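Using the sequences plus the hints, can you model the full thing?
Chains A and B supply the protein sequences, listed in that same order. Residue 222 is where the first sequence starts when you use our numbering, and the numbers rise one by one after that. Residue 222 is where the second sequence starts when you use our numbering, and the numbers rise one by one after that.
Simulated from the structure, these hints should not be mistaken for laboratory data. Computed from a predicted model, the values in this text were never measured in an experiment. Just to be clear, a hint being listed does not mean it is correct.
Which copy is meant is left open, so a pair is good if it fits within one copy or across any two.
[To be verified] 25 Å max Cα-Cα, derived DSS-like pairs, lysine-lysine: (1) K278 x K246; (2) K278 x K306; (3) K306 x K249.
Okay, here's what each chain looks like letter by letter:
There are 2 protein chains.
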Amino acid sequence: MIENIFNNLPDNFPEELFQTLLVNKQVKIERIVSRGHATPANEWYDQDWDEWVLLIKGEAVLAFDDGVRLTMRCGDYVLLPAHRKHRVEWTVSDQDTIWLAVHLHAG
Amino acid sequence: MIENIFNNLPDNFPEELFQTLLVNKQVKIERIVSRGHATPANEWYDQDWDEWVLLIKGEAVLAFDDGVRLTMRCGDYVLLPAHRKHRVEWTVSDQDTIWLAVHLHAG
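Written out as structure tokens, the structure is:
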């Protein structure tokens, strides 16, 4: 019944790891794990829905297509409004970076 | 734009502290902080919607009306289905316990 967000990490993964923890018609709750990974170069997330993210562990830089950069540390959270183009520009390489992402679908 | 889930805690609060971080028609994302608090005796949460909770810091015991007890530690998460009656029976007293709660409204 209980699971833990820090558990069940693979030894190796070639790119950011996306795992759905819960999904229904309203939301998708996702764990995203990076180990020095970034979004592939010149690739932007351009979503039809709002996404709320919380950085649980590690450190990352979120980049937006208007040039804004946000350094995210443990406990930081931010709302990524629909169609606000963003990418993970950098994550710390000496530990895992773990995000909780809540995708707010239109229903 | 960025906020931090560990910040802006009051020096004192007489009971569990509930703060809405984000609300829309699909969900309410909430921070719940306890400092040794519990749900008032004999009071049960009996909700019309599912709630997903993640323990970010501290330690707590969730109790259910069928006698089940769940000890929750940092990083633990669990789904509380609608009408599964529950209460916070105990939280650790020597540090804050911080929960992230995602209430999944029917829309």
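To see whether the hints hold, each was checked on the structure:
1. K278 x K246: Neither: 28 Å inside a chain and 29 Å across chains, both beyond 25 Å.
2. K278 x K306: within (23 Å within a copy, 31 Å between copies)
3. K306 x K249: both (19 Å within a copy, 24 Å between copies)
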